[in-house]
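Residue strings, one per chain:
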Amino acid sequence: MAIGIDKKSVSLSKVAISDTHGEDSPYFAGWKAYDENPYDETSNPSGVIQMGLAENQVSFDLLEDYLEKHSASSNFGSKSSTFRENALFQDYHGLLSFRKAMASFMEQIRGGRAKFNPERVVITAGATAANELLTFILANPGDALLVPTPYYPGFDRDLRWRTGVKIVLVHCDSSNNFQITQEALEAAYADAESQNIKIRGVLITNPSNPLGATIQRQALEKILDFATEKNIHLVSDEIYSGSSFFSDEFVSIAEILEARNYQEAERVHIVYSLSKDLGLPGFRVGTIYSYNDNVVTTARRMSSFTLISSQTQQLLACMLSDKNFTDNYIETNRKRLRKRYQMIVDGLRKAGINCLDGNAGLFCWMNLSPLLEKPTLECELNLWKKILHEVKLNISPGSSCHCSEPGWFRVCFANMSEQTLQVALQRIHNFMERRNSVS
Amino acid sequence: MSQNRPPKKPLPQPEDHPTTTTSTASSGGGGTGMRLIVPLQGIVQGRGGLILGSLIPCALFYFLQFYPKRRRPPSPNPTTTSSSSDLARSASRLNLSTRGSIHVSARGNTIAKPEDSTYYIGLSKVRGDEYDSLENPDGFIQLGLAENRLSLDLIGKWISENLNDSMFGEGNDGLNINGMATYQPFDGLKELKEAIAGFMSRVMGKTQLFDPNQMVLTSGATSALEILCFCLADQGNGLLVPTPYYPGFDRDMRWRTGVELVPVHCRSSDNFMLSVPALDQAYNQARKRGQKIRGVLISNPSNPVGNMLSKDTLYSLVDFAREKNIHIICDEVFAGSTYGNEEFVSMAEVLDSEDFDKDRVHIIYGLSKDLSLPGFRVGVIYSFNENVLAASRKLTRFSSISVPTQRLLIPMIKDERFTQEYISVNRERIRKTHALFVEGLEKMGIECAESKAGLYCWVNMSRLISPYNEKGELELFEKLLDIGKINATPGSACHCIEPGWFRCCFTTLTEADIPVVMERIRKVVDTCNPFCSKHLA
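Chains as they are written, first to last, in numbering that gives the first Met the number 0: chain A, 0 to 438; chain B, 0 to 536.
Next up, chain A with everything else stripped away, as it sits in the complex (with noise of 0.2 Å):
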């Protein structure tokens, strides 16, 4: 057999050819699952439901109108001297116009109870642009950050890919539903500590992604203290902040910070977007928002590579100042997400499925582990693949969130019509007969 010559292919990078993207993980094969056979009420009654994808839809109609009755400052081109401004505006400062109304509006969903500046606002292209960027600033490669499970599975990508910087797991269980506590948090650092790794910051999602919770007051209080006493950087992803149930239940970490009259304030940095809250993924706004001067600056010069058209800033900063528009947003969205909740917790109750307590975000955390065989990550998948193949619903498995307990599942219900809802939760119901009848 004759020997081919082989042509000299040229290298990519080791960052070009790993799999830290994550796309092959279960998380994502769902979506193809999704992608390949999509639901569609009339055309595809049939198909899988896509109920692993973070979506907030309940409240478009809001922004339909109000964008509907405010379409001049949708299309600058009447007003040329906007226009031309607009076109030629890149300052990685971004628009101030923009920046009052970003803080206004991160003032209005938490109640007036906390304060921000525009001048610490930095804004980049969506959450995941900032959540990146905070961890390029914050840590060097080889460092680590500490994040409680279970997580958002793309934290995986956004926070190690590029940065090279590892994820040091802080593991929570059910028995305390879930939340953070100081053991959890120092058993992890002292984990670390014992394999060389410097941690640089702790990361918490609140509310939680993917548990659908609030943090509690008195464990953000401890989440601050051990940041302290570490002298290491607490970050605090709160995307959902405008997507808890009730107002008065999210006690964000810039009340705490004020509270403390701002001591230790400079470890602390928020980051928000407005992808989950407002519905506006596709508009790609995402802040940091830093309490430490150092990392404003920085992260203001590093956002120059994934800045926020000026077209959008200027839409969006007449949006977020129309206080009637927020207000009645902020409000209607909480009810309807609320509703929603009701209505997937009830269904799964009458399934006989139990679910987390929940009070914020676009999913709940359902609790299946009594339908494994065994508590094992095999019988988790084993589960998640039935659930896919033969139900057609597309939900997360806790393992793809790095759960330490099996069986957990991450369910969205804010990115489907009420019907298509009660469509899955009968699949549900069905599914759950049929195991019982055979058992």
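Derived from the structure by calculation, the hints contain no laboratory data.
Hints may contain errors.
[As the list claims (entries may be wrong)] Here are the simulated distance ranges between beta carbons:
(1) B:GLY339 / A:GLU63: 45 to 53 Å
(2) B:GLU160 / A:GLU22: 30 to 38 Å
(3) B:GLU129 / A:SER320: 48 to 56 Å
(4) B:ASP210 / A:LYS13: 42 to 50 Å
(5) A:ASN195 / B:ARG286: 32 to 40 Å
(6) A:ARG216 / B:GLY138: 45 to 53 Å
(7) B:ARG286 / A:THR227: 44 to 52 Å
(8) B:ARG286 / A:GLU254: 54 to 62 Å
(9) A:SER17 / B:ALA434: 44 to 52 Å
(10) A:ASN327 / B:ALA434: 55 to 63 Å
(11) B:GLN290 / A:SER246: 36 to 44 Å
[Said to hold, decoys possible] Cut-off 27 Å, straight-line C-alpha distance, at most; resulting in silico cross-link-like pairs (DSSO-like, lysine-lysine):
(12) A:LYS31 / B:LYS156
(13) A:LYS31 / A:LYS391
(14) B:LYS357 / A:LYS13
(15) B:LYS413 / B:LYS478
(16) B:LYS484 / B:LYS431
(17) A:LYS13 / B:LYS291
(18) B:LYS112 / A:LYS165
(19) A:LYS68 / B:LYS310
(20) A:LYS197 / B:LYS484
(21) A:LYS13 / B:LYS287
(22) B:LYS112 / A:LYS229
In this text the structure is predicted, and so the values were computed from the model without any measurement.
A virtual CB, placed ideally from N, CA and C, is assigned to each residue, including glycine.
Mind docking chain B on chain A? Use the hints.
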């Protein structure tokens, strides 16, 4: 990677920005506090030793704090003072250094240090006091930013004539909230890719030169270039870059990637034209040093000189890359901004006509220069390498273009009639302004390099500097700022090996502005003694 960095400079203060000088308490009231922090942090962080870590950076630090302060205009924005009091800061904050303040990564520190590139210093000087013929005739004239304002009126006109009042109404297809608000492919809408592929072909005077399936869109050419660097090279690897080059490369390509730029010096005797033998030499020298070279980055048309590469040179470049088995990144962002009679030849064209192994070639494009839309953040990675495309696509999640902006641009860029008109009118205006600018300089005996494209000229002021070195050049840079109130980018910021050259961007000027600029330059020229210079022009 941090071990290879130069001795770490002390943690800097919040960035000097004319309109936000009082935005943080520490910069406001902490004058003496700031100075105390600086040396202590050098000691506390301990890297680079006491002397390197504290004294030298301190001196540099003080100089840079002092220098811009002299120039800073009074802060026009009063609102920031009230906001700083909202964050009630305790006095203990200023004494953080005694305990060792909170760590920021080495990457963060490199970016955070006060700007030491004259490119950025100059840009920030102008901010807050920019020339306007009516409102601020004594302000700084910005010749340091390659921004094209000559043809914005055409775009404004298109928008007012073509966009319905409601961008989000039923009328426009695809412009409903669902198609705009929900998650879309991170690497750009298919229709926008198609539209841009067509636009790029038109700009380069060809038909169907670009395949939208080989395109990845991202938020700006800055991002496009960084993504390619992440994909093609590992930390510590080198990319060959002919000088003089765009000062932003130093930041954009190295900051987060850890990639190194290896300059390949070009000279005025060749009109700073790239030569493959020079690349070869640089490559070999790098090898001897033990540095792995992963690719070459060329900008064509070049920035800051404005050269266009011939087909032959492009072929030679591909041969060179093949021989060394490295990548080629071709930054073609100024492809539509040509003003000579020569046609621009894209690398895509060269590859099209031959059966080269295309896997090593990647092109960067964007709408910031040719279409004057830097605010919209539209950048393009065009590659023939499926693996690079696959990796880049995934990376665009960190830097996607806002979907409403994409939707706005699709009909505009698809409009062949409009874009054709825009391209030719814009070219004519650039040509005209360029001619007037060069002529004005010639009258003062100042010559420019021969350039065929770009939004700038490469001006030879070496006769005016004394001594004939970087120091002399920086002095002229300062004179231009102080006496002429003009910001022009000195060649040293572009790593030019010959002192005395300056990049002057002329596309922010109207015809009426040009005599004003020339007058200002004359004021500076008059203070220079040409006979001191050892260099003969």
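Quick check on a hinted range of 54 to 62 Å for ARG286 of chain B and GLU254 of chain A, using CB atoms only. 58 Å, holds
Decide if the proposed pair is consistent with the structure: LYS413 of chain B and LYS478 of chain B, CA atoms, cutoff 27 Å inclusive. Between LYS413 of chain B and LYS478 of chain B the Cα gap is close to 46 Å, so the pair fails against 27 Å, i.e. violated.
Measuring from beta carbon to beta carbon, are SER17 of chain A and ALA434 of chain B in 44 to 52 Å? 51 Å, holds
Holds or violated: LYS13 of chain A and LYS287 of chain B, Cα atoms, limit 27 Å. 23 Å, holds
Taking the Cβ atom of GLU129 of chain B and the Cβ atom of SER320 of chain A, is their distance within the range 48 to 56 Å? 27 Å, violated
Is the Cα-Cα distance between LYS484 of chain B and LYS431 of chain B 27 Å or less? 24 Å, holds
Given the hint that LYS31 of chain A pairs with LYS391 of chain A, does the C-alpha gap stay at or below 27 Å? Holds: LYS31 of chain A and LYS391 of chain A sit about 12 Å apart, inside 27 Å.
Are the Cα positions of LYS31 of chain A and LYS156 of chain B separated by 27 Å at most? Roughly 43 Å between the alpha carbons, so the hint for LYS31 of chain A and LYS156 of chain B is violated.
Would the hint linking LYS13 of chain A and LYS291 of chain B be met if the CA-CA limit is 27 Å? It holds: about 14 Å lies between the C-alpha atoms, which stays within 27 Å.
Look at the Cβ atoms of ASN195 of chain A and ARG286 of chain B and judge whether their distance stays inside 32 to 40 Å. 34 Å, holds
Between the beta carbons of ASN327 of chain A and ALA434 of chain B, is the distance compatible with 55 to 63 Å? Roughly 58 Å apart at Cβ, these two residues keep to the hinted range, so it holds.
Take the C-alpha atoms of LYS357 of chain B and LYS13 of chain A, compute the straight-line distance between them, and say whether it is at most 27 Å. Satisfied, since the Cα-Cα distance of roughly 21 Å is no more than 27 Å.
Hint compliance for this structure: hints 2, 3, 4, 11, 12, 15, 19 and 20 are broken, all remaining hints hold.
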